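> Chains A and B supply the protein sequences, listed in that same order. For the first sequence, the working numbering assigns the number 712 to the initial residue and increments by one for each residue that follows. For the second sequence, the working numbering assigns the number 712 to the initial residue and increments by one for each residue that follows.
If you're looking for bench data, these hints aren't it; they were derived computationally from the structure. Quantities reported herein were computed from a predicted structural model and do not represent experimental measurements. Warning: the hint list may mix true and false statements.
The list treats identical chains as one, so a pair stands whether inside a single copy or across any two.
Said to hold, decoys possible - Think about it this way: if two alpha-carbon atoms lie no more than 30 angstroms apart in a straight line, the pair counts; the simulated DSBU-like pairs of lysine-lysine are:
1. Lys981 with Lys948
2. Lys906 with Lys948
3. Lys1021 with Lys989
4. Lys924 with Lys722
Protein chains: 2
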Amino acid sequence: MLTAIEELESKGQAARVASRRLAHLSAETKDRALLSIADALVSREAEILAANQQDCNEAKVSGMGDAMLDRLVLNHERLTGMAQDVSAVVSLPDPIGEIFDARILPNGMQVGRRRVPLGVIGTIYESRPNVTVDISVLCLKSGNAVILRGGREAIHSNTALAKVVRECAYQSGIPEGAVQLIESTDRALVGHMLKMKGVIDLLIPRGGAEFIKFVVDNAAMPVVAGGIGVCHTYVDKDVDLDKAVAIAYNAKVQRPTVCNALDTLLVHSKVAADYLPKIAREWGNVGVEMHCDERSFGILKPIGHLPELKIIPATDEDWGKEFLSLVATIKVVDSLDEAIGHIERYSSGHSEAIVTENYSAAMRFLDEVDAACVYANASTRFTDGGQFGLGAEVGISTQKFHARGPLGLRELTSYKWIIQGNGQVRP
Amino acid sequence: MLTAIEELESKGQAARVASRRLAHLSAETKDRALLSIADALVSREAEILAANQQDCNEAKVSGMGDAMLDRLVLNHERLTGMAQDVSAVVSLPDPIGEIFDARILPNGMQVGRRRVPLGVIGTIYESRPNVTVDISVLCLKSGNAVILRGGREAIHSNTALAKVVRECAYQSGIPEGAVQLIESTDRALVGHMLKMKGVIDLLIPRGGAEFIKFVVDNAAMPVVAGGIGVCHTYVDKDVDLDKAVAIAYNAKVQRPTVCNALDTLLVHSKVAADYLPKIAREWGNVGVEMHCDERSFGILKPIGHLPELKIIPATDEDWGKEFLSLVATIKVVDSLDEAIGHIERYSSGHSEAIVTENYSAAMRFLDEVDAACVYANASTRFTDGGQFGLGAEVGISTQKFHARGPLGLRELTSYKWIIQGNGQVRP
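Working from the sequences, and respecting the hints, build out all of it.
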């Protein structure tokens, strides 16, 4: 055990040393490294897939479920996709070196802020091995060193991928030490990593709600917490029913396992009788299980005898729950105020939407709802760095400090004040 | 004890409730409240000074030193100054509601970020009662509720000032509960306050290095740590000696008790023999005690017999020390690299300066030194929100997360993403 912790500490120190040089690399060097990584993900497919096969074999032996196994598997298509994602990051502008808020003060001094990397980013994640590449690449592009701690179940894949990333990066001029993978799968290392303040500047945990909470509560350094989405869509009384069906259908069904998928549908009582049967039929066709409050249950029960519709009464525990599956709660409300009040009580502050043709209702909702992403007339599924035009993301923050919503390259940076004078002294 | 903690919890809840309404107040309402506070600081002088007199009497009885006592004292002049500071905040633009990074995406959705308050700011501070007003006013202007925890020695002054702030604010339309002062001076309350995550969104500690460290290590919520400045000024070999004397003199002497004052003077060996006697005479005239490394001691010793010069050899503990008084360390270096290396080792990441006429040296220093504020040819004493054009500050951050350097109104905010669509769904 002592050895694994010492190794972690020494990797941390190596990352810190590398981070100081990384901060001053040219965009050209960083992009060359990324292109080399993108190429190698394709050209070294055999090596990567062999390692992944080992993980998959062990996972099957250990009885891993199909959903988890699917997240673990790599293949030609997925590697090509990963390579494309890396290339997409190359085409993004380098965030480092941007100068902003610059001005000449009355005393002639020039004052401005210059964007700099945070330093060393730590990340702790589970199963999906693509995270190893995604986060490494975003950290390198933003001038940060990175310490990766993947899940035990993907250790061979992560080791192979990190090897590819490291070799390509260092051959392209990235300082050695900039990409560190913790190879020991000892769980005690996570606890130690959380205490490495002064070495790790920012920690990005990815995983389930309990794990994120554990990291937030125990980490000594700043953490970007997020990824937990209890998302509401409110269908207002002045509504285009077809739009409202399309938006709620998309928000629930397009990818139900992710954080920006719909969990609760709120419907104004004036349109509930018209709207609910429409969306219930669409959702029912693809197997969505609907947990209904009393009023929506009253409306949907008569059509609930259709064999494909799963319509059941909601329990108290259903509200404020993130389902990550084809389950949704439905509630009828009598006003915009009631909808906003329900969201204020149960939201996780991730993504919330209103569907309305009423201008004032839309404006009030956008103004009053306190969440990372607030929508009028669009699916909450859009909450994503790529979709918002950030090009890529390392995660989605539901906290207000530092950055909120999708975290792109800029959110992995800080700034320093640069003051250029000509002998000025303070009077 | 139980009662005091219950009272703290209930004040926290009241602040949270108020913060939700505060977030949507017009700039006009907030500015009206601030103007009313500025007026009352003058018109209610008798009431405030009577309370302050009580603190000062108790302080004298308890044997408080003159320097501490001076920080505690209020008088007509200081109240007028505080009122002027409040008026200056009125004239700053409201940070809330600013929309930035907005764009129309290819699918027609409009996406942008809208600036919102953080919520509830907690602050823990010592002696100087003006902090009660300064921080309250900056929080209100930025739409945040505030929980104030001043020092035991200023409790009567803080209570009187908070009463003025609250009464003026609530009469002007600020929601009741927005400004909370913890009146119990029980030290256990600080420990409890540090755990009030979910109630307090950001904690701003003001005080000595040990206290700040205690808060950073123990607070459950984000903390803006800073205010500790081990500041270096490096006099390069290509230098205008008069500028270098003026800058180092100002940085050390203009206000030696604050965090942006000079602690260490680094001098290139090529100019040390010319420069050091000049600055030593100027500093000596006002009583600066100089702790010299071997080489600078060798240069200054011959003139050190002058009775007004306090020139003594530096000890190992002198480097990286924040003196907050008329003490400076002096070291001769042989290169810009050695100067940057020394700063990297001993800096607290606050304010660092180079004095040079050499363009490349200035650029390298600005580029490579990692601190909140990096100067070429100006005094580090300028590190201040007011001086940088932010209008005011709640503190100076030496961390990289969220905000760095002087924290103005904008640094007390977060943002939310606003997405306006017309029925868009994710393909």
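> Now look at each hint and say whether the structure bears it out.
Hint-by-hint comparison with the structure:
1. Lys981 with Lys948: This pair counts as within: shortest intra-copy Cα distance 6 angstroms, inter-copy 79 angstroms.
2. Lys906 with Lys948: neither (51 angstroms within a copy, 43 angstroms between copies)
3. Lys1021 with Lys989: Only inside one copy: Lys1021 and Lys989 sit 14 angstroms apart there, 87 angstroms across copies, limit 30 angstroms.
4. Lys924 with Lys722: both (26 angstroms within a copy, 26 angstroms between copies)
In terms of the numbered hints stated before, the structure departs from hint 2 and from no other.
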